[in-house]
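Based on these hints, arrange chains B and C with the ligands on the given structure of chain A.
Chains as they are written, first to last, in our numbering: chain A, 1 to 366; chain B, 1001 to 1245; chain C, 2001 to 2529.
If you are wondering where the hints come from, they were derived from the structure by calculation, not from laboratory data. Any given hint could be a false lead.
Said to hold, decoys possible - The calculated lysine-lysine pairs, modelled on BS3-like cross-linking and capped at a C-alpha distance of 25 Å, are:
1. K1106(B) - K1071(B)
2. K1106(B) - K1088(B)
3. K1053(B) - K2190(C)
4. K187(A) - K46(A)
5. K1106(B) - K225(A)
6. K1029(B) - K1053(B)
7. K1214(B) - K1029(B)
8. K2141(C) - K1071(B)
9. K2104(C) - K2141(C)
To be verified - Residues from chain A that keep clear of chain B, each with C-beta distances beyond 12 Å, as calculated:
10. V21
11. G33
12. L113
13. V133
14. M175
15. D188
16. N285
17. A329
18. K348
19. E350
Every residue, glycine too, gets a C-beta built ideally from N, C-alpha and C.
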Amino acid sequence: MLQRLIDRRMGFFLGALFVAVVLIPLGNLVIAGQPVPSYVVALLAKYLCYALLAVALDLVWGYCGILSLGHGAFFALGGYAMGMHLMREIGDRGVYANPDLPDFMVFLNWQELPWFWYGFDSFIFACLMVLLVPGLLAFVFGWFAFRSRVTGVYLSIITQAMTYALMLAFFRNEMGFGGNNGLTDFKDVLGFNLQSDATRSGLFVLAALALTAGLLISKFITTSKLGKVLIAIRDAESRTRFTGYRVEGYKLFVFVVSAMMAGVAGAIYTPIVGIINPGEFSPANSIEIVIWVALGGRGTLVGAAIGAIIVALAKTLLTGWFPEFWLFALGAMFILVTIYLPTGVLGKFEQIVKRKPKPATKEVTA
Amino acid sequence: MSSQLYLSGVNRSFDGFKAINNLSLIIEKGELHAVIGPNGAGKTTMMDIITGKTRPDSGEVFWNNDIDLTKVDEAGSARLGIGRKFQKPTVFETLTVEDNIALALKADRGVFATLFDRRSADQQAEIDRLLELVRLSADRDRMAADLSHGQKQWLEIGMLLAQDPELLLVDEPAAGMTDAETMRTAELLREIAGERSVVVVEHDMEFVKALNCKVTVLHQGSVLAEGSLEHVSANPEVVEVYLGR
Amino acid sequence: MRKFLLTILFLLAALPLRAQSFEELLLQLPEGSYSDRAAVAAAIAATGDDRAAGVLEVLAEGNLHILKSDGSIVEIRDVNGDDIAFSALDGTEVGEIGRGDTDKIKVNNGLRRDLRALLGSMSLLNADPNKRAEAAQAVFKDGDPGQIELLDSAIAAETEAWVADLMQEARAVAVLNSDMDTEAKLAAVKVLADRGDQDAKGVLSQFANDEALALPIATALSQIERTQQLWQVGQNVWYGLSLGSVLLLAAIGLAITFGVMGVINMAHGELVMLGAYSTFFVQELIRNNAAWLFDYSLLIAAPVAFLVAGSVGIGIERGIVRHLYGRPLETLLATWGVSLILQQTVRSIFGPNNREVGNPEWMSGAFELGGLTITYGRMWILIFALVVFAGLMLLLKKTAMGLQMRAVTQNREMAANMGIRTGRVDALTFGLGAGIAGLAGVALSQIDNVSPNLGQSYIVDSFMVVVFGGAGNLWGALAGAFSLGVANKFLEPFTGAVLGKILVLVFIILFIQKRPRGLFALKGRAVEA
Ligand SMILES: Nc1ncnc2c1ncn2[C@@H]1O[C@H](COP(=O)(O)OP(=O)(O)O)[C@@H](O)[C@H]1O
Ligand SMILES: [Mg+2]
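So here's chain A without its partners, still in its complex pose:
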């Protein structure tokens, strides 16, 4: 089993991740002089959340050919579910010191907590919602869409409409999710202060664990017979039907699993960055996820994670150095990757390595 899940790619990646999980908290918390500054820990943790989100998208796009332009919505919903719990944890330490209502509700003159906020006091309940809400949305949406055989660009466009509609909805104050500003000013999670270095490192490790779990679950799915059915659907949907597989059921399954994975990524992301707002639902965000996957290499899982980290890193660096330049770079990336790198950097890299087999590579794989 382990062999099936951890192939060469996966082994390399998880190995590197493990090294990071050991070294980075060490450098931040233990070694004198803090060679790894706290903001870097938060930044890296954020990248890992993106990586998990990319893996989720790769599962549906890379393997099943469903190009979702709305995966940001599942991510944001997971983020909001966790954000609601963090809001409840603030208790009476908000600006208005109201023990029953979050600040923004006091500000809007609301008298009581809306029903959909019930239960979020409990961390367990919130975690459940992190999975259930994106999963349910994916289920309902997918059930309608797949059953009526909406495919290709049509599907992409309506997933985009879905996240756009959610964005408009979450911008409204009346929705009860903090409107424009979203949810923020979190204090702590399970009693750990979100500002402390230890919590930051903890979240980093958590994000790494979630990414590992996401990768392994996805690997399990894609290497199973079901994974082959997904590829079959991607290659020849109608042949798959005539072979006796109810395609909609399979699509629904990966779509829901993928949405839940995206939700988990969002849930870890929120305490790391300390805010979740409706901007996360914007269609542009969701399309950006696609380029992570495309750049890394679709249908490789590990590649998607690597792609997310590369792009996020490039974004951090470029927006710091030449803010004007970032959109040019991102735009060019979309164009060049789709035309010249259909297999992504991972595919290209492996192709190059294969062509000139050096003894060194053999040693590493051993």
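Okay, now just chains B and C with the ligands, sitting in the frame of chain A:
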């Protein structure tokens, strides 16, 4: 009485154009049956109706005397035991030849059963047997995309057999094959028939002759003539609409 | 005839005064009591002189003075903080004056009211029907019963039916305010009920407590409300059509490229934005070099925008889309990349802020059509959208290029075999779609902020139009755009703009499940491939 497939008075039109017009046809169990007819006669549409891809406007389609095929979808018809080969060979291009066969193998098609499926020794043996049958044993680890056109046709036939169907619908299998391949395919289909029912749609007269079976001539969506090849070839109407050209 | 009537009328009022010239009468204004002054004013009005109304207006405002030095009558106007005198006779500037140089010709409230009435009646009989209509509206607002007789004679002399209606309505208000008998008032209620707008409603509700009139007024009010609701529906339809025309413009280009090439052009919104910036650029050039051309700026901008966006479109097709043929999802991603680059380019050149694009004279203002308020800008955009649509239809139906495009839409391979250069058709199609996006930008520059984000705000909506209408079908785009526009505007009053929009999106998401290929889907097997 024990018909495999029973079509009666089936109609289907597209935007006012009658593609299938009061079509009636009976396929006996184990029978090998060829359907010929000019382009646009409605042969493919007939198969679409049998396999649940297209719903008829009116008429009856029954499977094994009692199952109403008009209420069944594509996957459902496959699960009942109808295997279909497309006009254009369609295989799963980015899967290996072996995986293509494995996916088609008769098994529980449920999502979770598939997720936790492990291939048994019996299944592996069946896969090996089928690969041997369609002469693709040597290519088992190649991507299906890399096969030649004729090999893809055979892989598709292999996949059909893997489904262990009671009825095979084969749409223009000889298209794009060399003469030798064509003859071998006809032979294979004859072998298959008996145990299973086989309906072959074909243009190639040599091929139909090689099949040596009952022939139905379709024209403008309905049956023009039925019988042995010599019998229908002698029919002046058939000669006019089809053979004469 | 009218002038004659006017003279008779005012002669009666100014009976004690001999018929005198305007100049003579003007000099008499300062003399005597307020009531004498009223008589002189009436006589001035009766002269029918063109200058009469102006002078009386100035008098009513208290700006008419007598110049001490020569006794002439002047108007004092404040010009940049200085008091400047202008001759009341011919309007020539007399010069700056100090405090003691003039005596003001005094007016009290009674006189001011008389003057207003005089002015009102003069305009009721003005030669210009628009002026008469305005005057009737003024009386309607005033409701002065003293005007009834005057209105009667004005109505008798009126030649334009619509002005006569206005006068009748003004008269009805005056009658209601007067102490005339119930019968006359009932007739007045009926007149106002027929007018059926907010103003009529306001007037009628003032008299709802009058016992004799209570019942008919209540009936009239509910009748008016019904009429108003109808007009409201009409107004919503208009807003919807107006929104629809914008959506149509934004979506047609998309529908063409999607239909012919199966390509989703995510940079479409940015091509719209380029059109808007072209308009801005053309207007800047005109402002700086040939300001007199400003009213034609949009006519000049339209071809420029078409060419700019169109050539960028051809560039995109030749440079990128061509390489991704048959990979629609990849094309979608690559064109998204183009959209980011175009956005950032424009942001770098023109800055991130909104740019000011002016509305030419003929695009500004509004007019009333029954109970509808229609702005010229929106009306022209609707017309423009329909013209572009019709032009495109003609192009597709009547030209060789159109025939080739349709052939490629229906069966690319066969078209290629028949010798159609599909590559050229693709490039031109893409260019055409892009050019139309540019035209949309010209229209949008008139009603929306011209900023680098302009395109983004329309992209989802125009996709919805295409998806809803059915790709590759222009009629579908037309139906899709207008039905989505109208649906949006009908939902808005109940749900607010944002929720309305969300509901429409949800509706489309559900709709596409039922009809995965849209309202006007292309039919046949070709689409299943
Ligand atoms: N989905 C469809 N939409 C519209 N027309 C169709 C569709 N399917 C088949 N037809 C029409 O029905 C007729 C019969 O087609 P088909 O069954 O493919 O003929 P054959 O296979 O005998 O050559 C053709 O004219 C074809 O255009
Ligand atoms: Mg056929």
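Now the hints, each set against the structure:
{"no.": "1", "hint": "K1106(B) - K1071(B)", "verdict": "holds, 22 Å"}
{"no.": "2", "hint": "K1106(B) - K1088(B)", "verdict": "holds, 23 Å"}
{"no.": "3", "hint": "K1053(B) - K2190(C)", "verdict": "violated, 67 Å"}
{"no.": "4", "hint": "K187(A) - K46(A)", "verdict": "holds, 18 Å"}
{"no.": "5", "hint": "K1106(B) - K225(A)", "verdict": "holds, 13 Å"}
{"no.": "6", "hint": "K1029(B) - K1053(B)", "verdict": "holds, 23 Å"}
{"no.": "7", "hint": "K1214(B) - K1029(B)", "verdict": "holds, 13 Å"}
{"no.": "8", "hint": "K2141(C) - K1071(B)", "verdict": "violated, 72 Å"}
{"no.": "9", "hint": "K2104(C) - K2141(C)", "verdict": "violated, 30 Å"}
{"no.": "10", "hint": "V21", "verdict": "holds, 29 Å"}
{"no.": "11", "hint": "G33", "verdict": "holds, 50 Å"}
{"no.": "12", "hint": "L113", "verdict": "holds, 39 Å"}
{"no.": "13", "hint": "V133", "verdict": "holds, 22 Å"}
{"no.": "14", "hint": "M175", "verdict": "holds, 34 Å"}
{"no.": "15", "hint": "D188", "verdict": "holds, 39 Å"}
{"no.": "16", "hint": "N285", "verdict": "holds, 30 Å"}
{"no.": "17", "hint": "A329", "verdict": "holds, 31 Å"}
{"no.": "18", "hint": "K348", "verdict": "holds, 18 Å"}
{"no.": "19", "hint": "E350", "verdict": "holds, 16 Å"}
Violated hints for the displayed structure, listed by number in ascending order: 3, 8, 9.
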